[in-house]
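J.: Based on the sequences and whatever the hints tell you, model everything.
Chain residues, written in single-letter form:
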Amino acid sequence: MNESKISVWVRLLWMFLKVNILSPSGPASIGFLYDEAVGKLMTEERFVEAVGFSNVLPGSEALKLAMFVGFAAGGIPGVFAALLGAILPPTVLMLIVASLLQRFQGEDWLASFVAGMSPAVAALIVVVGWELFRAGSRKKIDRRVILIALLSAVAFWFEIPSPFVLLGAGVLGVILFGKRGFK
Amino acid sequence: MDQFLELFWIFLKVNLLSTSGPASVGLLYHEVVGKLVTEGQFVQAVGLSSVLPGSDALQLAMYIGYAVAGIPGGFVALLASILPPTIIILGVTMVLHRLRREAWLSSFIEGLTPAISVLMLFVAWKIFQKGGSTGWEGWAIGIVSLIAMFLNAPARIVVILAGLVGIFFLK
Numbered sequence: 001m002n003e004s005k006i007s008v009w010v011r012l013l014w015m016f017l018k019v020n021i022l023s024p025s026g027p028a029s030i031g032f033l034y035d036e037a038v039g040k041l042m043t044e045e046r047f048v049e050a051v052g053f054s055n056v057l058p059g060s061e062a063l064k065l066a067m068f069v070g071f072a073a074g075g076i077p078g079v080f081a082a083l084l085g086a087i088l089p090p091t092v093l094m095l096i097v098a099s100l101l102q103r104f105q106g107e108d109w110l111a112s113f114v115a116g117m118s119p120a121v122a123a124l125i126v127v128v129g130w131e132l133f134r135a136g137s138r139k140k141i142d143r144r145v146i147l148i149a150l151l152s153a154v155a156f157w158f159e160i161p162s163p164f165v166l167l168g169a170g171v172l173g174v175i176l177f178g179k180r181g182f183k
Numbered sequence: 001m002d003q004f005l006e007l008f009w010i011f012l013k014v015n016l017l018s019t020s021g022p023a024s025v026g027l028l029y030h031e032v033v034g035k036l037v038t039e040g041q042f043v044q045a046v047g048l049s050s051v052l053p054g055s056d057a058l059q060l061a062m063y064i065g066y067a068v069a070g071i072p073g074g075f076v077a078l079l080a081s082i083l084p085p086t087i088i089i090l091g092v093t094m095v096l097h098r099l100r101r102e103a104w105l106s107s108f109i110e111g112l113t114p115a116i117s118v119l120m121l122f123v124a125w126k127i128f129q130k131g132g133s134t135g136w137e138g139w140a141i142g143i144v145s146l147i148a149m150f151l152n153a154p155a156r157i158v159v160i161l162a163g164l165v166g167i168f169f170l171k
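Residue numbers (this note's numbering), protein chains in the order written: chain A, 1 to 183; chain B, 1 to 171.
Everything labelled a hint here was simulated from the structure, so no lab data went into it. A hint or two may mislead.
With a straight-line cut-off of 20 angstroms between C-alpha atoms, the simulated EDC-like cross-links for lysine to aspartate or glutamate are [claimed, not checked]:
no., chain 1, residue 1, chain 2, residue 2
1, B, K35, A, E159
2, A, K5, A, E36
3, B, K126, B, E39
4, B, K13, B, D2
5, B, K13, A, E107
6, B, K130, B, E6
7, B, K126, B, E137
8, B, K130, A, E159
9, B, K35, B, E6
10, A, K18, A, D35
11, B, K130, A, D108
12, A, K18, A, E36
13, B, K126, A, D142
14, B, K35, B, D2
15, B, K130, A, E107
On a predicted model such as this, the values are computed, not experimentally measured, just so you know.
T.: What follows is the structure, given as structure tokens:
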């Protein structure tokens with residue numbers, strides 16, 4: 001009994017290490033995680049529920065998914081095994097790269113690299129923003145969504161601090177959309 | 001000590017007000033650029049986090065924390081990013097499983113999302129402007145990358161190629 005529990009935890013840890021080494025970001029890992037977890041560690045229904053929750057709760061998507069899958073498969077210790085697996089690869093890699101880069105911070109080639117990367121990063125942000133906007137309103141984009149977008153554009157234009165704008169938009173959402181429930 | 005508190009507070013806030021790593025970029029920009037890191041460092045953080053495997057949110061935290069206060073800074077930022085989703089999920093799975101019927105949270109996020117999108121547009125424009133290449137070369141890189149990514153080219157490859165183009169053509 002005890003042994004099989006531990007093997008579930010080890011499997012969770014290994015699975016999330018693998019998923020997080022092989023996929024570039026949280027959302028991108030969903031497909032991969034599906035193949036690894038569904039049928040073996042949890043049912044399809046629970047997986048879909050986990051993805052749904054991850055989309056609407058705050059914080060890193062990869063972590064939320066890891067915790068849901070970990071909980072379904074191995075309870076609270078499962079949560080921590082999955083969490084550890086999801087946290088280690090990205091942070092260790094980034095630490096290595098960041099510390100290497102720190103040495104080149106003054107160099108010309110790095111400045112040019114960043115100058116070339118800036119327009120692409122700006123484009124990436126636009127694309128992600130657009131995808132969020134579309135995914136956020138699952139049906140068609142209705143007037144209430146446009147209203148919130150316009151109001152926040154005006155607020156950002158007048159340089160109201162962004163956390164306040166975001167909080168305000170959320171509160172406005174509660175007022176406008178009311179009680180609708182998940183999904 | 002102040003630096004650590006500031007890092008902790010910023011990443012706590014950012015991870016409470018966004019639903020995924022890429023979506024947090026807009027808010028994070030306003031909170032750290034000019035105060036804790038430079039424009040160039042921020043571009044590196046976002047670029048690298050989209051290139052390296054794994055959660056973008058954690059990588060952004062690690063890079064910026066490290067740039068501000070070395071390895072301890074990285075861990076402080078990391079901890080602050082991990083806490084909000086962990087506590088919320090543990091709460092959801094254990095106590096509030098009926099949260100699905102507590103619809104206000106879902107409406108809150110639904111209102112939050114368009115604002116985050118607009119914020120990202122603003123930040124994208126700022127990053128573009130301050131990136132150091134607003135001549136035709138910068139526009140060309142930006143537009144080509146935009147089209148490539150809308151056609152589903154992998155972002156990490158686009159970002160790396162753009163950087164390489166920068167090394168060879170933007171002197």
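J.: What are the numbers of the hints the structure violates, in ascending order?
T.: Failing hints, ascending: 5, 6, 13.
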